[in-house]
Amino acid sequence: MLQPLRDRVLVRPSEEEKQTSGGIVLPDTARKRPQEGEVLAVGAGRVLDTGLRVPPAVKVGDTVVYSKYAAMQVSSEGEDLLLLEEDAILAVRD
Amino acid sequence: MLQPLRDRVLVRPSEEEKQTSGGIVLPDTARKRPQEGEVLAVGAGRVLDTGLRVPPAVKVGDTVVYSKYAAMQVSSEGEDLLLLEEDAILAVRD
Amino acid sequence: MLQPLRDRVLVRPSEEEKQTSGGIVLPDTARKRPQEGEVLAVGAGRVLDTGLRVPPAVKVGDTVVYSKYAAMQVSSEGEDLLLLEEDAILAVRD
Amino acid sequence: MLQPLRDRVLVRPSEEEKQTSGGIVLPDTARKRPQEGEVLAVGAGRVLDTGLRVPPAVKVGDTVVYSKYAAMQVSSEGEDLLLLEEDAILAVRD
Amino acid sequence: MLQPLRDRVLVRPSEEEKQTSGGIVLPDTARKRPQEGEVLAVGAGRVLDTGLRVPPAVKVGDTVVYSKYAAMQVSSEGEDLLLLEEDAILAVRD
Amino acid sequence: MLQPLRDRVLVRPSEEEKQTSGGIVLPDTARKRPQEGEVLAVGAGRVLDTGLRVPPAVKVGDTVVYSKYAAMQVSSEGEDLLLLEEDAILAVRD
Amino acid sequence: MLQPLRDRVLVRPSEEEKQTSGGIVLPDTARKRPQEGEVLAVGAGRVLDTGLRVPPAVKVGDTVVYSKYAAMQVSSEGEDLLLLEEDAILAVRD
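Residue numbers (my numbering), protein chains in the order written: chain A, -12 to 81; chain B, -12 to 81; chain C, -12 to 81; chain D, -12 to 81; chain E, -12 to 81; chain F, -12 to 81; chain G, -12 to 81.
Chain A extracted, bound-state conformation:
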């Protein structure tokens, strides 16, 4: 299992995202059309200049809308996952 650091979040893309992931995603498209997925793990949060740590705004199990721009692709136990900066997560779907 992967434990993200600082403000990183580990996300499993939804099934729909995976099916289209074989295609080429242009940076511009990635920026304009966010994706959806499930939060699997979150870091402890980033550290401010004052030394305070900001707890992440999402938690394990959340369904989130995120920008795929600047996402890092990682594999964990045979599954393709994404490591995102928390700032790339735009909203939580209730």
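No wet-lab data here; the hints were simulated from the structure. All values derive from a computational prediction rather than experimental measurement. Cβ coordinates follow ideal geometry from the N, Cα and C atoms, glycine included. Take the hints with a grain of salt, since some may be wrong.
As the list claims (entries may be wrong) - Covered by chain F, according to a simulated footprint, are these stretches of chain D (three or more residues, beta-carbon under 8 Å):
#1 -9 to 0
#2 41 to 48
#3 74 to 81
What the hints assert, rightly or not - Short, incomplete list of chain E residues facing chain G, as computed with Cβ under 7 Å:
#4 GLN(-10)
#5 PRO(-9)
#6 ARG(-5)
#7 VAL34
#8 GLY38
#9 LEU39
#10 MET59
#11 SER62
With chain A held as given, fit chains B, C, D, E, F and G onto it using these hints.
For chains B, C, D, E, F and G alone, coordinates are given in the frame of chain A:
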């Protein structure tokens, strides 16, 4: 329903905006000509370096003028909406 | 009526500016030659990292010299106005 | 009369500068060769993140050496003047 | 032995990474596909503007997932290692 | 005489530098090969965000090694001098 | 002798580095392959926004691994040395 994070704001573009949304919007035009819409949900606000959180300057139901530049297109319950950074919202129409 | 947010300022360009507004303004020219207009509304001011809010340096009714660079064009009650960042306002004409 | 805002300074270019102002000034030249002029008015100073205001380092009547790069050309009572950021003023001539 | 400074981390790439290291890694690929390795040494942490030092989030012996982008290649006792900024380390594998 | 402002420093290039100053200095060369000169005057120091002023690290009469990159050429009493940001001064020669 | 200012460090490249210094070093290579040398002198450290000074993490006599990218070449008593920002020094060799 989508709950925006931090300083993100969920906006429903006005009818007029939707009709023209099929056309190609050049970045420069998007920057010079703001759009109008209704605020559907707001995040808790961004966190300053001091750890303080800035409450959003807009509230649900506000009619706002916003810059479409850097907006993310999301769909929620079959409707096309926008996720904006609060900073992209320039004014509230009284 | 439009109520600007944060450090935005709503400005009515002077008559002279309007007459020339049909022409193409090159970014470089806009940067070198500021314009004049009247302040119609001001935001509450931007928030510093310390959480303090800086009150705007201009007030409603001021005749101001501003840089048209990065101005947003809005219409309000049939009139073409500009939404500027306060930082784009360079001076007040006494 | 123009009253500059924040850290802006109103400067009257020296006679020598005016005579050459009809020519094209390349940005690179403007950066390498500062100009001289007289301070006509100064803003109240820029506001730091702590909310403190930094009083300007120049005063009305000072003969200053400034970088013409990023200067804004304004006219006041028929005279061509410059609005500079205080940071573009490099030195005072005693 | 190398002792990294500030927020630098010394990492030994996994065997798999070494085998492919003869190939050309395009910057874009390096950014999208993180690598794995073992932490050999960590710096004392970076210093914040407040003078506080942030202790590193990884420790010697951790298996980490890192972005090879901006990594510096160093040799120590005949072995090819990497010096990374801590920020390039995205997650720890449990 | 010129009195530099903030973190500016007035420097008289050494004789050797002056002889070669007729040639074209490429930016890259200027960055890689610092020059030498004598400090003639220093500003009061730059102001930090906390309002504190940092006193300059050099004093009148110091022989300094500086990067000519971004230097401004000024003339004072018929002599060609340089106005540098203090940050462009790399070392003092004892 | 040269006394570096602020966070600058004076380094004597190792013999191996000197032999290859006649060749052209491409920026990209300089970034990926750090060099080694001996610390000859260190500045007093950079000043933080809070006014605190960060003491350098290296001391005279240290053998250091550094990035040659952005190094300034200086000569002192007939010897070719380098002036580096402390941040370009990545590790100390024990």
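So, going through the hints one by one against the coordinates:
no.	hint	verdict
1	-9 to 0	violated (count 0)
2	41 to 48	holds (count 3)
3	74 to 81	holds (count 7)
4	GLN(-10)	holds (5 Å)
5	PRO(-9)	holds (5 Å)
6	ARG(-5)	holds (5 Å)
7	VAL34	holds (5 Å)
8	GLY38	holds (4 Å)
9	LEU39	violated (10 Å)
10	MET59	holds (5 Å)
11	SER62	violated (10 Å)
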